[in-house]
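Participant: Below are the chains, spelled out letter by letter.
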Amino acid sequence: MKFLVNPSKFNELADYIFKPVLILSILLFALGLLFSFYLSPDDYQQGSTVRIMYVHVPSAWLALLTYAIMTLYSIAALAFRIPFGFIFNTAVAPIGAVFTLICVISGSLWGKPMWGTWWVWDARLTSVAILFIIYLIIIFMNLSIENRNVREKVVAIFILVGSVNLPIVKFSVDWWNTLHQPATISKLSKPSIDPSMMTPLIIMTLAFISIGLSIAILRIKTEIISRKSNLG
Amino acid sequence: MIILNKIISFYYREYKLNLSGFQDILTNIIFFFVSIFIFIFSIGPDKEKISTLSIGIVWTLLLLSSTLSLRKFYQDDFENGSLLIMHLNGFSFGFIAILKTFSHFLFVQVPFLLSIPIACIILNIANDKIIYLVASFAVGSLTLSCLGSISSSMNLMNQRNFLLGSVIVMIFSIPIIIFSVSIINIEESFNSLISILFGILLIVFAINPWASGLCLKLSIENN
Chain A
47 MKFLVNPSKF NELADYIFKP VLILSILLFA LGLLFSFYLS PDDYQQGSTV RIMYVHVPSA
107 WLALLTYAIM TLYSIAALAF RIPFGFIFNT AVAPIGAVFT LICVISGSLW GKPMWGTWWV
167 WDARLTSVAI LFIIYLIIIF MNLSIENRNV REKVVAIFIL VGSVNLPIVK FSVDWWNTLH
227 QPATISKLSK PSIDPSMMTP LIIMTLAFIS IGLSIAILRI KTEIISRKSN LG
Chain B
1227 MIILNKIISF YYREYKLNLS GFQDILTNII FFFVSIFIFI FSIGPDKEKI STLSIGIVWT
1287 LLLLSSTLSL RKFYQDDFEN GSLLIMHLNG FSFGFIAILK TFSHFLFVQV PFLLSIPIAC
1347 IILNIANDKI IYLVASFAVG SLTLSCLGSI SSSMNLMNQR NFLLGSVIVM IFSIPIIIFS
1407 VSIINIEESF NSLISILFGI LLIVFAINPW ASGLCLKLSI ENN
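These protein sequence lines are chains A and B, in that order. Under the working numbering, read the first sequence as residues 47 to 278, first letter to last. Under the working numbering, read the second sequence as residues 1227 to 1449, first letter to last.
The following block holds chain A by itself, in its conformation from the complex (with noise of 0.2 Å):
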């Protein structure tokens, strides 16, 4: 498991898995689509809208985890002085940004025809709405601040700080009471939705996935280059 903490040894698997990794979110992707556009039932209450859930639910899940993951590496890197850590942080925040912005857009347009509104201010969308700003100020502290070496760990601080929020956002349907409903699928229990809706769901979540690895793989290795160049 080197390659975790390692930059060379992270190199050297890159090398080996991008192109498969890429080809593999390609074919995941168009059997996801297939199966969520013809191969799954409508919803007989939500009709044909129910396949927004197909990019909306898994673009959520992955903007959770990068900042999950993000969170672990600040932790590692500023207690155990593991470069790699930072160069994770600056290559993946972009990544966890781009798939909230999904996350909301898509939530946005699912909202319309079943709710009535483009967005309504409960606990839900407000603290996902507020995991992007978060994102983003991530991106321009990375922009902004010019001394690499503060840059990465007054980051890496924010990171910690900013992390408060990712309980808020998985826990406030249970606490609160959202217009948005609480989550199908948990690990404690049996999932309440139907298995002809829960392929497409999987397939889209792996394509989701092996896309956001083959990105970041091409951005570490970018970040790595750049600094072995003295470039950022």
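Read the hints as simulated data drawn from the structure, not as lab findings. All the pointers check out, no bait thrown in.
Listed next, with one range per pair, are the computed distances between beta-carbon atoms:
no., chain 1, residue 1, chain 2, residue 2, range
1, B, P1337, A, Q91, 51 to 59 Å
2, A, P213, B, L1389, 27 to 35 Å
3, A, S190, B, G1316, 29 to 37 Å
4, A, S54, B, R1239, 48 to 56 Å
5, A, P213, B, S1235, 42 to 50 Å
6, A, N193, B, I1400, 25 to 33 Å
7, A, L85, B, I1412, 47 to 55 Å
8, A, F217, B, L1389, 27 to 35 Å
9, A, P228, B, I1400, 16 to 24 Å
Taking beta-carbon pairs under 10 Å as the criterion, some of the chain A residues facing chain B (in silico):
no., residue
10, I179
11, I180
12, I183
13, F186
14, S190
15, I191
16, N193
17, N195
18, V196
19, I203
20, F204
21, N211
22, I214
Sample of chain B residues with no beta-carbon within 12 Å of chain A, all distances over it, derived:
no., residue
23, I1229
24, D1272
25, S1308
26, H1313
27, L1314
28, V1336
29, L1349
We treat Cβ as the ideally placed atom computed from N, Cα and C, and that holds for glycine.
Based on the hints, put chain B in the right spot on chain A.
Facilitator: The following block gives chain B in isolation, referenced to the frame of chain A:
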């Protein structure tokens, strides 16, 4: 006893500095009142409308005008080298952060605390609600000072984009705004809500020396 002397001289210096720059603090308060006027002009002088919005207006503008002075939190001391001198005199960076937070509370937030009743009279807020507003701001403003310390120490080396510091404070002050506005609007639950505010204050107060101290140390080492 030596450390006590040092702390007293630290606050004497802060007092002198703030006294010579008193017009800055006064300008902050004038900004607060002028923005209340602007708010009233933009929603119209209808008494019903103002009375439903007034608490939210006061809290929002207090937050906005107290973030205006964040630029002076560490920047001046950092640029003329006083932070380094204080550290060489035996204060750890975390302790400097705590001292500075209290000094910001005393010299920037307390004048706001005194000007709240006047703002309440202008906005026709009932007299028994003023005490709740002052209590919630007394707790909330110390939290705001801690957040200000964290964000301005993060942006010490940031020469390009200083507005980022205000955005950071505003993002993390959302829970404070929520709970302190509901203190005034739902009077029965005063005790439970003020406990939540105190809880937030303690959490932020515990994070503050670690986060700001580390950022100050990084900026001074790499300057």
